[in-house]
Amino acid sequence: MSTMDENARYQVLRNDEDQYSLWLADLAVPSGWHPVGKQGSKQECSDYVDEVWTDMRPRSLRS
1 MSTMDENARY
11 QVLRNDEDQY
21 SLWLADLAVP
31 SGWHPVGKQG
41 SKQECSDYVD
51 EVWTDMRPRS
61 LRS
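Position one of the sequence shown corresponds to residue 1 (the numbering used here), numbered consecutively onward.
Hint data in this document are derived by calculation from the structure and do not stem from the laboratory. One or more hints might be untrue.
[As the list claims (entries may be wrong)] Label pairs and their in silico Cβ distance ranges:
{"hint": "1", "residue 1": "R57", "residue 2": "E6", "range": "25 to 35 angstroms"}
{"hint": "2", "residue 1": "R9", "residue 2": "E51", "range": "18 to 28 angstroms"}
{"hint": "3", "residue 1": "R57", "residue 2": "N7", "range": "30 to 40 angstroms"}
{"hint": "4", "residue 1": "S60", "residue 2": "E6", "range": "28 to 38 angstroms"}
{"hint": "5", "residue 1": "R59", "residue 2": "N7", "range": "29 to 39 angstroms"}
{"hint": "6", "residue 1": "L61", "residue 2": "S31", "range": "13 to 23 angstroms"}
Keep in mind the model is a prediction, meaning the values are calculated, not measured. Beta carbons: idealized from backbone N, C-alpha and C, even for Gly.
Kindly produce the complete structure, drawing on both the sequences and the hints.
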């Protein structure tokens, strides 16, 4: 990982299937994804996703 990556600011995105992703904060959010309001370092965002994404199944497969 380069120094630039370590200093980059990320945001957490979620799609309509309740799947999460990390995305560079200064890039446009891709279609179908929505910011959840969490921004920070890659590690901070990854820790947040680990905390909130407790069911990895897409929403359409949950009963």
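Any hints from earlier that this structure breaks? Give me their numbers in increasing order, please.
none
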